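Participant: Those sequence lines, one after another, are chains A and B.
Throughout, the working numbering is defined as the position within the first sequence, counted from one, plus 13.
Throughout, the working numbering is defined as the position within the second sequence, counted from one, plus 109.
Just so you know, these hints were derived from the structure itself, not from any lab.
Note that the coordinates shown come from a computational prediction; the quantities given were computed from them, not determined experimentally.
There may be inaccurate statements among the hints.
Far from chain B, by Cβ distances over 10 Å, these chain A residues were calculated [stated by the list, open to error]:
1. Cys36
2. Gln80
3. Pro93
4. Glu180
5. Thr382
6. His390
Computed beta-carbon distance windows for the label pairs [stated by the list, open to error]:
7. Thr159(B) / Arg254(A): 56 to 62 Å
8. Arg57(A) / Met130(B): 41 to 47 Å
9. Ala387(A) / Met251(B): 55 to 61 Å
10. Leu256(A) / Ser194(B): 55 to 61 Å
11. Ala387(A) / Ile282(B): 57 to 63 Å
So, partial list: chain A residues that the calculated Cβ filter (under 10 Å) puts toward chain B [stated by the list, open to error]:
12. Arg339
13. Glu340
14. Val342
15. Val376
16. Arg383
Every residue gets a Cβ at the ideal spot worked out from N, C-alpha and C, and that includes glycine.
Here are the chains, one letter per residue:
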Amino acid sequence: MAESVGAVTPQRLHCPEPLLLACGVPLAHFDLVYETYGVLNAQRSNAILICHALSGTHHVAGHYAGQPRSSGWWDNMVGPGKPVDTNRFFVIGVNNLGGCDGSTGPSSLDPATGHPYGPHFPFVTVEDWVRAQARLADHLQIARFAAVMGGSLGGMQALQWSLTYPERLRHAIVIAAAPNLSAQNIGFNEVARQAITTDPDFYGGNYYARGVIPERGLRLARMLGHITYLSDDAMMEKFGRDLLANAPHFSLDVEFEIESYLRYQGKKFSERFDANTYLIMTKALDYFDPALAHGGHLSKALARARADFLVVSFTSDWRFSPARSREIVKALLDNGLAVSYAEIDSSQGHDAFLMENPDYFAVMQAYLTRVFEALPHA
Amino acid sequence: MRESPSSAVHAGALVTRADWMVLASWIKLRSRVLDLGCGDGQLLRHLQQTRQVSGYGIEIEPTRVVSAVRHGVNVLQMNLETGLSGFDDRSFDTVILSQTLQAMRHTEAILREMLRVGHEGIVTFPNFGFWKNRLQVLGGVMPKSQAMPYEWFDTPNIHLCTLQDFEALCSRIGARVVQRLVMGAQGTPVGLFPNLRGSLAIYRIQPQ
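Can you make the complete structure from the sequences, with help from the hints?
Facilitator: Rendered as structure tokens:
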């Protein structure tokens, strides 16, 4: 078993220059919270940026001192001897703009008013995140990443990096992603948002001042999300039709294991995640569509890209199905770009990108070894 | 992972290397190449190194996909049996089917697809009509050889054919044989009686 990166400490970068967001609003200044693992080499060429998904954070790997159970969300992938090997790479995890884990977001205090931004925090897009992440790269004096990678919404950021800053990454690793959301996907997001905004404790997004959170809405949003992140098979395998008790109670209380699991996940999420952040993050997902400015032609949109690509999908992922990844692959092929594509056999649904799977990890290990061996060493 | 063993389908190192050299000499410099059933990617890597091709390989088997990634080639994990629907007409200069034809279920379909996607196709396969194979059949057993090293009950090869058989299929699907090279068991070219003396065949085909 490979080891962990050990105890880690988050850092904060204050970006004093304004960032003009895609929605037209300039954000006067902002903070980004990030963590790093491994050592940046003398040529500053071995940096890997890890972009997080909808509910992820900058805490990718390792744990916080004195909290052994605080493992990062991708601790199985990132660490010494792991596919993203911190003995080889300098790895960066960053909390996205609009987040609720330390980077400037709706729950941060607006210096202009002294109150949380709340519903006044501007809508952000995947491209805005990428531009904000580039500020962090500037600060760390990383001219060009060895790779930018992520799963799901994180994969979309890796793809966007290759378009916004084609020269600033050698490789883009796009896992369990899609070139845009389907109507069904947007539909799921809208139900989740409605669950939050119709919660009586939402108060139009100004719940902070009242000392409440739209907990019921957040729980429902997360429960719905969890159903879409798993496959029917994976759920059946994990929970089946098992009852907590021996026989049905004919009541609306928790009876089936799956109900218990979803309620637990919903509760846990509502205790850590900000509702306004959830709303703008799901909107960022909905808006992501690099082909839009090119008449819907993804191939034309990707003509700007210069990176080499690894695209990975999972067979049972119905949220972002393999067919969506193959659209990305096709557009890369049309442009003659270097791309490898792995379609991993898994029953775990969309969540498979977070889980250990021998085929998946072997491909990641092989590709990242290639990335490492091609690094410019002085 | 170090140098992995050559994939099961690309068996027989001697013959394989000789057929690669012929194959490479038929590939235009810096052309676009698609290798169907690319195995561990070593042929494609050879073509990148010797012909500077812009190449992509297709492979379904996970451990071979990993080896191909490791060998520094572009590999796409897809099932050839469902066709090449993700690829546009004439989007490659050459489509290669190296020692994969005989392991395919949809033999005719893949040949049609390769001539749709490529300007030309290169197909290599073990010749079932090779005299040593015939001799083994005469002796009452299924043939085994360097080019076909499997037991009958444990072989990926389900559609073995002879040179004659292959050429008949080509004319059936409207493919023109532009070039053909047949090799003996030692990898040397065979002139006379190729369907009897040839162990491995390399064909270059184009749409009519």
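Participant: Any Cβ of chain B at or closer than 10 Å to Gln80(A), or is the non-interface label fine?
Facilitator: holds (35 Å)
Participant: Restraint: Arg383(A) near chain B, CB-CB cut 10 Å. Satisfied or not?
Facilitator: Holds: closest Cβ of chain B sits about 6 Å from Arg383(A), inside 10 Å.
Participant: So Glu180(A) supposedly isn't at the interface. Is its beta-carbon more than 10 Å from every beta-carbon in chain B?
Facilitator: Non-interface label stands for Glu180(A): nearest chain B Cβ at 20 Å, farther than 10 Å.
Participant: CB of Leu256(A) to CB of Ser194(B), is that within 55 to 61 Å?
Facilitator: violated (45 Å)
Participant: Next item in the hint list is Arg339(A). Is there a CB on chain B closer than 10 Å to its CB?
Facilitator: Since chain B brings a Cβ to about 6 Å from Arg339(A), closer than 10 Å, the hint holds.
Participant: Confirm or reject the statement that Pro93(A) sits farther than 10 Å, beta carbon to beta carbon, from all of chain B.
Facilitator: holds (18 Å)
Participant: Can Val376(A) be said to touch chain B, with a Cβ gap under 10 Å?
Facilitator: holds (6 Å)
Participant: Go ahead and decide if the range 55 to 61 Å is satisfied by the Cβ distance of Ala387(A) to Met251(B).
Facilitator: 46 Å Cβ-Cβ, so the 55 to 61 Å window is violated.
Participant: Does the hinted range 41 to 47 Å hold for Arg57(A) and Met130(B) at CB?
Facilitator: Holds, at about 42 Å.
Participant: Holds or violated: the hint that Glu340(A) contacts chain B, with Cβ atoms closer than 10 Å.
Facilitator: holds (9 Å)
Participant: Is the claim that Cys36(A) lies outside the interface with chain B correct, judged by CB distances over 10 Å?
Facilitator: With a cut-off of 10 Å, Cys36(A) remains clear of chain B, as the shortest Cβ separation is near 35 Å.
Participant: Regarding Thr159(B) and Arg254(A), is the given constraint of 56 to 62 Å on their beta-carbon distance met?
Facilitator: holds (60 Å)
Consistency note: the structure conflicts with the earlier hints numbered 5, 9, 10 and 11.
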